[in-house]
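Enquirer: Now for the letters of each chain:
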Amino acid sequence: MKPHSLISSFHPANEPDTLASHERAEIDASTRFPVLLFFGSAIFWLLVGSLLGLVSAWKMTHPAMLDQMAWTTFGRLRPAHLNTVIYGWASASGIGVGLWLMARLCRIPLIHSKLLISAAIFWNIGVLVGVLGILAGDSRSIEWLELPGYATPILFIAYACIGVWAIIMFRYRRPGHVYVSQWYLFAAFLWFPWLYATANILLIWEPIQGSAQGAVNWWFAHNVLGLWFTPIGLASAYYMIPKVIGRPIHSYYLSILGFWSLALFYSWNGMHHLIGGPFPAWMISASVVASVMMFIPVVTVAINHHMTMRGHFDALKWSPTLRFTVFGAMSYTLASLQGMTMAIPSLNTLTHFTDYTIGHAHLGLYAFFTMAMFGAMYYIVPRLTGREWASAAAIRWHFWLVATGILLMIGSLFLGGVLEGLAQYDPRVSFKTSLDYVTPFRWLRGISGFLLLAGHLVFTALFALMVLKLGRRKDGPTLFAVPTGGNPGASAV
Amino acid sequence: MNKLPLLFLGVFLTFASSWIGLVAYPYLALGHMQPLPDEETGGSFPPGNSGLAVAGQRVYAANGCLYCHSQQVRLEPLSTDIEKGLGPRQTVARDYLRAQPVFLGTMRTGPDLSNIGARQPDANWHHRHLYEPRTVTDWSIMPSFRFLYKMRKIQGQQSDDALKDLVGPHAPPPGWEVVPNEEAKALVAYLVSLKRNYPLPESPEPPAK
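First to last, the protein sequences are chains A and B.
Residue numbers for the first sequence follow this note's numbering, so the first one is 1 and each next one is one higher.
Residue numbers for the second sequence follow this note's numbering, so the first one is 1001 and each next one is one higher.
Pulled out of the complex, with its shape left as it was, chain B reads as follows (with noise of 0.2 Å):
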């Protein structure tokens, strides 16, 4: 084994099936996947995006909110995903068809975020959660992303998109407001927006237990 072909063609070998496997057919099998038309309303499934919610992949992204929060809702009955309430079915393929990028996640510090846009689809919620989680709930341990809202004075009106309900010591003072900016508002159409409760031949609902 002192012959540099030999060690070299093994070390091809091993390394090539695991990139024909592992890459380039899920790429050829998956990558060309098109969404499933919907008959009734000339929709298809899984639903394209409002431009607001893809830009707020990119916040998604850039603040890592991946690191606690996956979005996958595994299969039974090796989990029990369904049970708790993740989502009424098992995510496929398919409903990952428009993210990008995906973002599946490995870990669970917080909550499974698959359909938390169908569990909580008040837009005014998920500003005051991200900006004071602890205002929504208390023994939370997700930071405040505060960093993407701006507390001003209130300049005649309050403004439209400024956060309502805020209690405790968070909240304004009186005569101010707390809006949202650009960034935030993408990420809480992007939050909203996440629903994989539309139906899919390949994942029928398990019956209700």
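Only chain A is shown next, with the shape it has when bound in the complex (with noise of 0.2 Å):
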């Protein structure tokens, strides 16, 4: 292979060039029902799954708030919460703009999308039973695989037929160039079913026997983040950056680098979930070293997103999309070097067993991932409807909602966890103090829950009305304000 033809690969430049607009917009047009589907599905998840975390969030400050029935108690509402934005929402927003990303740099139509309808409508009917059986009662407290074992076949099921789809699509790709979100979306959508399968039969179907099942646990719930939605994210920035902006990605290398060494570092990252746990020491060393090499990955993507970004920032005041992807890209390298220093031993101690470890996860998940998935969407949903967004003060109002919220989530479940986690690290210090430091955080963090869910109602508004085709004839994209500056990529959203 010549290196030349490796370099011109990852160009995205080359993209838009070989495709004729009438092309484009048959490809659009192919995907239009599926992504839409898992889109507004999506959406539906996300509220049921704030108002679950809002109500759980509320129950740390209010421990006699609807205790009276068992579906109702904490440690319902709790995995209720985790799986509606895990399976519910985010799984399902990725599949959906993955689909629409593959379809595009494959640069051929789907073809029987049919079939990728029903998958959309079984993968809802899984959520569903899973989330109805969390609450009667039947999950095994597994973190990350509290569906029950009745309702996890029919998500794989649907899971393989979207699977299948889109490595078909990479494998009947127009020849030319394979630009490097195609490379994320396809280790994507192997590694989600690998990962699934192997999580479900030997904890949920054959479970194996004692703290082994500590390990399979954690392997699973790190890799869902690091394996699956982060190649997800990675794979939309890379697209939606260079689109907007109208520049190729600043450099090739640095493409290649961040890919292989998050695929080889990411996946053994699990076991910093387990430090002093009952395992091997070397298998808690080998994930704390990985976990410390993300800083590979991570900086190589942080640099090229960055780079490529420079002279261009103006474009943050005019455009949505670019607007959440930027947000979301940068809580990824912030998420990522936080993650990194939760792994180590002398650190984790402290923050481990506390509220810290659950604002990473909402910097992971919902700083990057979901900001990153709003970004894609408002790209996306105007490209298969034919409608632009009805107001730019709504997604104004969408991301300040949700920037303020997230932002003062995650800052008050760090500070309350870092004073909550030094209390609990001191012998003489009672258990009841390091309750007294948190408990004011954890209010900041209740409120924090409307701001989130008000943005989120904002956002189905604007897509119900897209959907509705009550959205902008198309006059020019609904953005900001005027874009500044000869933007070869103004006529993106």
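Partial pick of chain A residues on the chain B-facing surface, computed with a CB cut under 7 Å: (1) Ala70; (2) Phe74; (3) Gly137; (4) Leu190; (5) Ser211; (6) Gln213; (7) Gly214; (8) Ala215; (9) Trp219; (10) Gly270; (11) Thr349.
In short, the hints are calculated from the structure, not lab data.
Backbone N, C-alpha and C define an ideal beta-carbon position, used for all residues, glycine too.
Put the complex together from the two separate chains, hints included.
Expert: Set out below in structure tokens:
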């Protein structure tokens, strides 16, 4: 293989040039129904998940609230929250974005899209049955795998159709360049079924014995974040940033380094959730080392994105897609650098069992992934519906509500978590004192939930208008402001 | 790198390495561990549990106790778990042989429960605590698990399993009693069984400070 083809294979600017606009429209049209179905159901679950999270959060300060019924107890609402947002919202929105990107980048229309529509319906039935099962008391309390054994096969069958479809698209792509986003998507669509099947077989269907369960549990749970959501989020950022500002990715070599180092190191991270636990020391050490090595993929991607954006930051003023995507990309850097420090044993022992970890999870899954998905949807949905977003002011409200909400949430969880951890580490300090330290921050976190829910309601309304064809007719994209400078990508959202 | 097989191979091998290291290895190394025979009594460590305590694990899982309570005493000197009295020694793989599922936990919103059966052996204490945590600890933020209990009129004599010493606003009115259902009984049997204080050669107790 010639090095020249390697380099040029990453060139995003090649993509729009090689595709006539009517071909692009044809590809978009072929993805319309399945992708909109995934988006719509994802947004529904986002609302349900926000509500479940909000009630769970307020229970931390008001333990007597809704304590009469089994299904509203904290220990059921919390996993119901996690599973609705992981499988209902994040996975479904990621699948929608992933399928659309794959079709666009492989330059072929989606064939037999009815199969994907039925897969989307099955996926949502699986989530619904599973979450109701958790509320009914059928959870095994294995974190991230709470969906009962009778719900997961439905999800798995649905996923099989989706994953196979993505891989087939990649296999039959039009000859030419393979862009970095395609690598990430290809890998994610292969990794997820392997992860999900392994964890479900070894923990739910035929449980293995003893503490090995913990290792499999955290190998799975961390890799869902690292090898399913992260690649999809990065694939989206790698596509949206160059598209909106109209210039290619800064360095193709950095893209290669970032991808392969992520594949190698991230998959080994999981055991840092079990430092000090009942496992052979080398397993914990391997995960700590791999966690610290995450510095390489993270900084590589951060530099690559930053250098691409350099000189174009004013585009954040007018492009909703870019503003959400860049917020997500910057949060990815922060979340990963923070995650590295959290794996260092002496710091881990302070923060591990506290709200700090919950804050970290929301920094990764919300501030990074969810914001990146919002950004992608602002770009994709107008191309599927033939309408433009109804109101720039509403998009602005959406952005500021969720941005303030998530920053307040993770800020309060970090501060509260550190105080809680320091108090719990000191054997002379009573447990009550650690609780007194963290309680005011839990109030703040509870308030942040209202901001997020409000933001999600605004977004739901915007999306509903688009699907009902009540958005603006095409007379240019809905932007926050008039684009400044001679931006070649100004036609993008 | 436009070649599908090459990309597939890389994606496969990187992931397979972690699958072998973090899934296959612990399964082979820890998945067939046996309890340690106790020559003095003819029993074994960890000791087997009553059927009721085994059933209690399901109640523990269904109601998500794990989201606030860990079950692991971490090693010294990395943590202060032993000094804080969470247990006499570090918990090791053999301690979890009979657990299904294994509730290691990732949060300490409430205290660690590795040895709660040793700290609080009294079943009635656990029932009072689950029925209304604030009758036991007035600042507790644990939710009440009242839905596992029934308040009923005393028929003739008070039942044997009725909760004793319930005081304050949560006490039943005169002539009434609070009784646990089967799930509450199983859960308490499980909690009382949580004692990781038997000796294991691989985890010696550190000398008292």
